[in-house]
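S.K.: Here are the chains, one letter per residue:
Number of protein chains: 2
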Amino acid sequence: MQSYTVSKLLSRINNTLLPAADAHIHISDMSVQRGYGIFDFFKIIHNRPVFLKEHLDRFFASARAMRLHCPLSREALIQAIEELIQKNDLPQSGMRLTLTGGYAADGYSIHEPNLLLVQQPLQLTKELQPGIRLITHEHQRQLPHVKSIDYLMAVWLQPHIRQQEVADVLYHQQGIITECPRSNFFIVNKHNELVTPSLNILAGITRKKLLELAAGSMTVKEAPVTIADLREAKEAFVTSTTKHLLPVIQIDDITIADGHAGPVTSALFGELINMVFS
Amino acid sequence: MQSYTVSKLLSRINNTLLPAADAHIHISDMSVQRGYGIFDFFKIIHNRPVFLKEHLDRFFASARAMRLHCPLSREALIQAIEELIQKNDLPQSGMRLTLTGGYAADGYSIHEPNLLLVQQPLQLTKELQPGIRLITHEHQRQLPHVKSIDYLMAVWLQPHIRQQEVADVLYHQQGIITECPRSNFFIVNKHNELVTPSLNILAGITRKKLLELAAGSMTVKEAPVTIADLREAKEAFVTSTTKHLLPVIQIDDITIADGHAGPVTSALFGELINMVFS
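Protein chains in written order, with this note's numbering: chain A, -11 to 266; chain B, -11 to 266.
Derived by calculation from the structure, the hints in this document are not laboratory data. Please note that the accuracy of each hint is not assured.
If several chains are the same, the list does not tell them apart, and a pair holds so long as it fits within one copy or across any two.
[Said to hold, decoys possible] No farther apart than 25 Å at their CA atoms in a straight line, the calculated lysine to aspartate or glutamate pairs in the DMTMM-like style are these: (1) 75 / 210; (2) 114 / 94; (3) 231 / 63; (4) 209 / 220; (5) 178 / 10; (6) 231 / 94; (7) -4 / 10; (8) 209 / 71; (9) 222 / 63; (10) 231 / 10; (11) -4 / 115; (12) 75 / 10; (13) 75 / 94; (14) 178 / 42; (15) 197 / 42; (16) 41 / 210; (17) -4 / 259; (18) 209 / 100; (19) 222 / 10; (20) 209 / 246; (21) -4 / 94.
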């Protein structure tokens, strides 16, 4: 990645391409004023977007749910994405699409949204990583099916996460697990079934792909997972666009099985990496 | 207000004064990326900030709670506020102080915060307004004691509010009332006591002043208020920096008393206006 001069990358704000360093918006934008906006983020490998259809489906679904009208049609957005990828020529990277509430005259109501496209370098690994540790935290995201920019709680918890020397928090509501702030959560239960929460979560794209992959070889369930279930879990992992699949070996004081990534985790990681990099 | 050319107003971003129209920040700011920031807003009357001490107390308390280090000391901030007021010369106005999570290299962690000072025209009335109607909505703000920029739910509910032809929502959690998105809530109960919620709310400055004023003439309680309590309430109102005190005459299907502003509401409004404009 070092061979690319990131400072020469272009970003796009609405219909204007401009150097990433000059990508500014007016402070009356509803993201700055009221934390109001949505986004999506996808990988680019060999200069090709990965799972673009699914990310755009979710992006437009988030926009609709948040009552934000995207200034570009789906076709025009795809064209803008392709143009930016071509100009930046950063073969392995990530692109963030953000849609904000726009410049509200009253500082409070949705206006004509601003659309931001930012491409950036992205480090990815094809090796299964060591297992991470999590701590639970009781919290429910607002409009959880929407990929909104609201990460207030997640960012606020960062010092706590660092102090506890864990990788992330795992949100739950009264003991019912939902998700991590930026990844979906899975366990292999005592019956060797793959189980992931289905309610009050963001519908992750990697989650969706993983469920499809796993369904070929094991019983897959979208169903409630409780903190109590963790004590009997044989394996646990999280999935996300950038992390792909990361083993989880401890949650609070609960060690998952023997504290090492299990066989299902390893096998699914391999299948997922093959799919992503194919 | 029409005599002021708003487009000539200055704003301040960190240490730079610049025309309000040119007040931009880079889109990597944590407000745009993660909805992370705090603010405060105070009135300026006769070119003098109103209740500045209280607003600054809350501003710095919000910053501390959100782990944001203000780049200006309290004294330097007061100086910056006074300089902006002098240069803009907009005798009756509002000033918004915003402190964001800054330009995060990783797009996720708090960095050196950006401080934004924006002065704008402000319409205020000295006349008691007709009563407003509210609808309840079950929601609890994140870190409620913090004046964060998180208004996702409030903005999202705007079309619903308009459709219901009411002025605002009143948040509650399992029937226990907290606040409106931008104002505090009070009732006069059947025992002629003034009661306002004290838990899981923003500590409004007007709320605080009102409680002090009212304590001179009646029993004042900071205590839980339930939706059930509304049916027996003799009066209800909301308070805020811009609205001062606004009678509430209906909440969902509950008409407060006879549907008109009551004597306590009227008397307290008069006292508050006297204090603010003195």
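S.K.: Please write out, lowest number first, the hints stated earlier that are contradicted by the structure.
M.R.: 1, 3, 5, 8, 9, 10, 11, 14, 17, 18 and 19
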